[in-house]
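Note that my numbering has the sequence shown beginning at 1, numbered continuously upward.
Hint data in this document are derived by calculation from the structure and do not stem from the laboratory.
Have a look at the derived ranges for each label pair, beta carbon to beta carbon:
1) A187 to A218: 54 to 62 Å
2) P97 to A218: 50 to 58 Å
3) P68 to A279: 28 to 36 Å
4) D79 to A275: 36 to 44 Å
5) A209 to T139: 56 to 64 Å
6) A212 to L188: 51 to 59 Å
Even for Gly, the Cβ is constructed at its ideal location relative to N, Cα and C.
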Amino acid sequence: MRSTSATSATSRACPCSRSSARASKSRFFALLLLAGCLPEAPERTSFVSSNRVLAVVAEPAEVAPGEPTDVRVLVAGADGTVIEPQAYYSLCLSPKPPAENGAVNSVCWADAYVPVGGPGASQRVVVPKDACARFGPDTPSGGELRPRDADATGGYFQPVRIAIPELAAFGFVRIRCALPNAAADVALSFKKAYQPNVNPTLSSLALAAGGAALSPDAVPRDADVILSVDWGASAETFLRYDRDALALVEEREAMRVSWFVTAGELEADATGRDANDAATSTEVGWRSPTEPGLVHLWAVVRDSRGGAAWVELDVTVL
Numbered sequence: 001m002r003s004t005s006a007t008s009a010t011s012r013a014c015p016c017s018r019s020s021a022r023a024s025k026s027r028f029f030a031l032l033l034l035a036g037c038l039p040e041a042p043e044r045t046s047f048v049s050s051n052r053v054l055a056v057v058a059e060p061a062e063v064a065p066g067e068p069t070d071v072r073v074l075v076a077g078a079d080g081t082v083i084e085p086q087a088y089y090s091l092c093l094s095p096k097p098p099a100e101n102g103a104v105n106s107v108c109w110a111d112a113y114v115p116v117g118g119p120g121a122s123q124r125v126v127v128p129k130d131a132c133a134r135f136g137p138d139t140p141s142g143g144e145l146r147p148r149d150a151d152a153t154g155g156y157f158q159p160v161r162i163a164i165p166e167l168a169a170f171g172f173v174r175i176r177c178a179l180p181n182a183a184a185d186v187a188l189s190f191k192k193a194y195q196p197n198v199n200p201t202l203s204s205l206a207l208a209a210g211g212a213a214l215s216p217d218a219v220p221r222d223a224d225v226i227l228s229v230d231w232g233a234s235a236e237t238f239l240r241y242d243r244d245a246l247a248l249v250e251e252r253e254a255m256r257v258s259w260f261v262t263a264g265e266l267e268a269d270a271t272g273r274d275a276n277d278a279a280t281s282t283e284v285g286w287r288s289p290t291e292p293g294l295v296h297l298w299a300v301v302r303d304s305r306g307g308a309a310w311v312e313l314d315v316t317v318l
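Please construct the entire structure, taking both the sequences and the accompanying hints into account.
As structure tokens, this is what we get:
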């Protein structure tokens, strides 16, 4: 599930969040799903010093209008993962005007949304039956806006607003719409053969130093540590309509991992593999803190169609 957040790291498929409306004017955000959508914060996005939305995941990752999906949120802070975030869920039903640069219509940050439920770490959400007209390729009613453009993978997304005390965030559920502007036989072939996106999975977060595995219970201070995760066979092959060739093509998902820590310093905020790279893992260097104590680590993987997953690990620095 795509998401974007003013207090989360930048990535393609990520949460979009903003602090309370009154405080938001003093903060800035820049958008990069999928590949990316989390606005930058004043400090490095990989460093977690206060409560932030790090990820929003929908299961299933892609649904047709009228179908349900379970949305859950990862909220983390300096003390680790917030186990029971008091999150309220709503649907944004206002398409973004072409003149706006944000990930969602600015009115959906305020009060133009339809409550779904909460509070809790997860919520079942039914995608509206007209989602492909509001946010997809179908012609909108009233003729006020033109149909939406697909992203680079041919996808369209329904925004889901998540409100937590002092935070607001948006996740983006991929919606399955008809293929527009294609010959009838091509559109029919696409409908029959296209496989909806499935969320990736991650192995546990592994630590190594000097080429040897490292126990999370005994990490030396001020040391060069390698963090790594493996997503196995999660990178799927999917059909996409090539508008230049006027034909369906097969494409492999790119994978991107955003890293987060509460102490120490990461060499990069995100790493990953492009669609042509068959490797199933990625790693990043982490300089452990100079002071002993408990450190919280997270890795959030996102595929290029908007699927996501996360793993977390608490380590003890000696």
